[in-house]
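Peer 1: Based on the hints, put chains B and C in the right spot on chain A.
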Amino acid sequence: MAGKNGHEFEAPGSFVLIMTFFAVFVLVYLLNWKYLSDLWPIN
Amino acid sequence: MEDFRVCPATGLKVHKPAELLIKINAVTAIVFILIGGLMALLLALTKIPAIHLLPSDLFYRFLTLHGIAMLVAWIIFFEAAILYFTSAVLLNCRLAAVKVAWLAYGLMLGGALMAAVEILIGNADCMFTSYPPLQAHHLYYLGVILFAVGAILVCCVFFGTLAVAKHEKTYEGSLPLVTFGAAAAAIIAIVTLAHGAIIFVPTWLWALGVIQHIDAPAYRLIFWGFGHSSQQINVCAMVAVWYLIAAVTVGAKPVNQRVCRTAFVLYILFIDIASEHHILVDPGFSAAHKAWNTGYFMHLAVLASMIHALAVPSAIEIALRKKGHTQGYFEWLKKAPWGNPSFSAMVWSIAGFGFLGGITGVTFGTEQINIIAHNTWRITGHFHSTVVAGTTMSFMGLTYIVLPLIFRKEVAFPKLAKFQPHVFGVGIWTMAIFMMFSGSFGMPRRHWDITFSDAAFSIPFDQTAMMALHIFGVGAIIAVIGGGMFVLVSVATLLIGKDIK
Amino acid sequence: MAITSPERLWWKQPVCGQEKLWISIALVWCIFITAIMPYWHFFGKQNPSQEYYRVSPVKYGAIVDKFTAKHKVGEEAGIPVVDPPPGDIFIAGSQFVWHPILKLKSGRTYRLHLSSTDMVHGFSVYPMNMNFMAVPDMDYVLTIQPDKAGEFFIICNEFCGGGHHTMTGKIIVS
Numbered sequence: 001m002a003g004k005n006g007h008e009f010e011a012p013g014s015f016v017l018i019m020t021f022f023a024v025f026v027l028v029y030l031l032n033w034k035y036l037s038d039l040w041p042i043n
Numbered sequence: 001m002e003d004f005r006v007c008p009a010t011g012l013k014v015h016k017p018a019e020l021l022i023k024i025n026a027v028t029a030i031v032f033i034l035i036g037g038l039m040a041l042l043l044a045l046t047k048i049p050a051i052h053l054l055p056s057d058l059f060y061r062f063l064t065l066h067g068i069a070m071l072v073a074w075i076i077f078f079e080a081a082i083l084y085f086t087s088a089v090l091l092n093c094r095l096a097a098v099k100v101a102w103l104a105y106g107l108m109l110g111g112a113l114m115a116a117v118e119i120l121i122g123n124a125d126c127m128f129t130s131y132p133p134l135q136a137h138h139l140y141y142l143g144v145i146l147f148a149v150g151a152i153l154v155c156c157v158f159f160g161t162l163a164v165a166k167h168e169k170t171y172e173g174s175l176p177l178v179t180f181g182a183a184a185a186a187i188i189a190i191v192t193l194a195h196g197a198i199i200f201v202p203t204w205l206w207a208l209g210v211i212q213h214i215d216a217p218a219y220r221l222i223f224w225g226f227g228h229s230s231q232q233i234n235v236c237a238m239v240a241v242w243y244l245i246a247a248v249t250v251g252a253k254p255v256n257q258r259v260c261r262t263a264f265v266l267y268i269l270f271i272d273i274a275s276e277h278h279i280l281v282d283p284g285f286s287a288a289h290k291a292w293n294t295g296y297f298m299h300l301a302v303l304a305s306m307i308h309a310l311a312v313p314s315a316i317e318i319a320l321r322k323k324g325h326t327q328g329y330f331e332w333l334k335k336a337p338w339g340n341p342s343f344s345a346m347v348w349s350i351a352g353f354g355f356l357g358g359i360t361g362v363t364f365g366t367e368q369i370n371i372i373a374h375n376t377w378r379i380t381g382h383f384h385s386t387v388v389a390g391t392t393m394s395f396m397g398l399t400y401i402v403l404p405l406i407f408r409k410e411v412a413f414p415k416l417a418k419f420q421p422h423v424f425g426v427g428i429w430t431m432a433i434f435m436m437f438s439g440s441f442g443m444p445r446r447h448w449d450i451t452f453s454d455a456a457f458s459i460p461f462d463q464t465a466m467m468a469l470h471i472f473g474v475g476a477i478i479a480v481i482g483g484g485m486f487v488l489v490s491v492a493t494l495l496i497g498k499d500i501k
Numbered sequence: 001m002a003i004t005s006p007e008r009l010w011w012k013q014p015v016c017g018q019e020k021l022w023i024s025i026a027l028v029w030c031i032f033i034t035a036i037m038p039y040w041h042f043f044g045k046q047n048p049s050q051e052y053y054r055v056s057p058v059k060y061g062a063i064v065d066k067f068t069a070k071h072k073v074g075e076e077a078g079i080p081v082v083d084p085p086p087g088d089i090f091i092a093g094s095q096f097v098w099h100p101i102l103k104l105k106s107g108r109t110y111r112l113h114l115s116s117t118d119m120v121h122g123f124s125v126y127p128m129n130m131n132f133m134a135v136p137d138m139d140y141v142l143t144i145q146p147d148k149a150g151e152f153f154i155i156c157n158e159f160c161g162g163g164h165h166t167m168t169g170k171i172i173v174s
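Residue numbers (this note's numbering), protein chains in the order written: chain A, 1 to 43; chain B, 1 to 501; chain C, 1 to 174.
Extracted from the complex, chain A is given alone in its bound form:
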């Protein structure tokens, strides 16, 4: 699958894995912002 000019997806499985990772990352991150916004207003 290796492209001669290096523009193809050489490791599609890894790309799926990294996208799963990214989805979990975004989810956990945004969920924490939600929990934070439940606190007393504080500054």
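Among these hints, one or two may not hold up.
To be verified - Take a look, some chain C residues computed to stay more than 12 Å from chain A by CB distance: (1) Pro38; (2) Trp40; (3) Ser56; (4) Gly61; (5) Asp65; (6) Val73; (7) Pro80; (8) Lys103; (9) Asp137; (10) Pro146; (11) Gly161; (12) Ile172.
Said to hold, decoys possible - Covered, in the sense of this in silico footprint (three residues per stretch, anywhere, with C-beta under 8 Å from a C-beta of chain A), are these stretches of chain B: (13) 329-337; (14) 366-379.
No lab work stands behind these hints: they were computed from the structure.
For every residue, glycine included, the Cβ atom is placed at its ideal position computed from N, Cα and C.
Peer 2: Frame of chain A, contents of chains B and C only:
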């Protein structure tokens, strides 16, 4: 040339004095993981509400020792072995300044033992962080300082060896990627240890009575330049070990060396500056300062980790696809050498560091989110994911490579070794996840009695979080068993393992 | 391989499409998670305070004692209870208690002064899970607006000595 032997497996010339130093540092590391693991078991049995084993004074004492034995001694002794391995062995070169390397070992061992003894006799119930005005005996600080000086010398020997290799032309072209990564770790180590000296020397003098006052906020700032940045050494060393294990176990070749090396340079430039996520909810700093330090600086280091997070699996996938496992997206993963403990430990390490440690680290290190994470058990769960599920796991994987290669012994109890990473992985994941789960209810870290039985208010702590403590306990015990298997296999290999000729 | 010297001219090899795509996504994400911090300072309601003053532990202890004497309405578990008007209110962490107990009114704005008279303490409000540090020599001013009534406990979440786990306190919001 009597100082060299030729490795029959790789054809590499191995410098015998370097080999001995790798052995002694690795064995010392394993002794400390044994001590730290024993402490871990006692602490976990105290944390489980139904058992609550230790009295409070011993709990805090052993918690301090657990931190020093694991975070300092186990990891840095092993890193010393890695630095000697990636320089002298991989570059086909003699180790520079062998006597200095032995001096470094002596200082580190002496320092670690001094600190450990001071803790055990009750002179340093101050935790790993030893925040003033809490004061330990001056010998405790001296122990830490001696250890740090030894570790700096290890880095000097490493760079000396790189210079020798370059001068004697023992390799062609650029440094191997793994050595490059180890060099990045060593650069970060020197910056980090300098912070340690800046703060521990005056604190030591304060304990001796020479200095009257240590400013608590300033200590916290500079301590974390040492305390967290030293974890960045571990990150960097761990990533280098991933590339090493991937190369040895499946013949993985980095997809693009330029990308990988740039990512290591990002670590050097940014990761050790960004240590202020420990003081996000402290007085003494402006919001702009905090957001700048944790945003701009830390997130460029995060970018580096995310680059490695794709580069390492891609290299493995491409190598396995070349071996014919080309069906669908994941045949390569199914057919990967799971029976090889080095390989499986590496996969556990990558997944643990990424999914558990990395994600939570970035999240908790956000200036505002830190309000709901700081000093809760979420933090403890986070760094057990990075340092144990990540770094320790990768070092375990490397051990299974080093045993035949450097110790020239066949790994004893191969069946046990095969399962060891999985047992340890399941245990440490369960433990870390439920630490973070309990912590998200506000459960404090470093706390002996969450039922608050002796407190002014016996706070009725959330029942779900209390239940989670039991699951945490099961995970911790499984992790201790997995760690015990690692120590057993390593020690048995050294004592009764068959020699490889 | 990663354990041997790379091929010559390794720095000229083009980056493949997959890596380029991922690095772009990761970079955009890193910029987003950096930008959200200043954004929240302007538009969010929960931010770590940046107001602080130098104060010696002895002086802070005296300020808290004066404040407590002025607004004391009772005592619970041997700790004085105060019912101050909205404005500046004070709490001190000392081995091993948070004092005084504060009675606050929901929806009002208070300037909560937080410091320690001895060690470094961790100020953790349970069950809300709000955490700040009480550092000696520093008076940390948190502007808070309690918006739920109820009893909130304070846990010390930084190790401060042998009795650390007994260190608690209370805030009552009505």
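Peer 1: Each hint needs a verdict: does it hold in this structure or not?
Peer 2: Here is what the structure says about each hint:
1. Pro38: The claim stands: Pro38 (chain C) keeps its Cβ more than 12 Å from every Cβ of chain A (closest is about 14 Å).
2. Trp40: Given that some Cβ of chain A is not farther than 12 Å from that of Trp40 (chain C), nearest at about 8 Å, it is violated.
3. Ser56: Answer for Ser56 (chain C): holds, closest chain A Cβ roughly 26 Å.
4. Gly61: With a cut-off of 12 Å, Gly61 (chain C) remains clear of chain A, as the shortest Cβ separation is near 25 Å.
5. Asp65: holds (26 Å)
6. Val73: holds (22 Å)
7. Pro80: For Pro80 (chain C), whose nearest Cβ neighbour in chain A is about 23 Å away, the distance exceeds 12 Å, so it holds.
8. Lys103: Given a closest Cβ separation of 15 Å, the condition holds.
9. Asp137: Label holds. Min Cβ-Cβ 22 Å, cutoff 12 Å.
10. Pro146: violated (5 Å)
11. Gly161: Label holds. Min Cβ-Cβ 28 Å, cutoff 12 Å.
12. Ile172: holds (14 Å)
13. 329-337: holds (count 4)
14. 366-379: It holds, with 6 qualifying residues against the three required.
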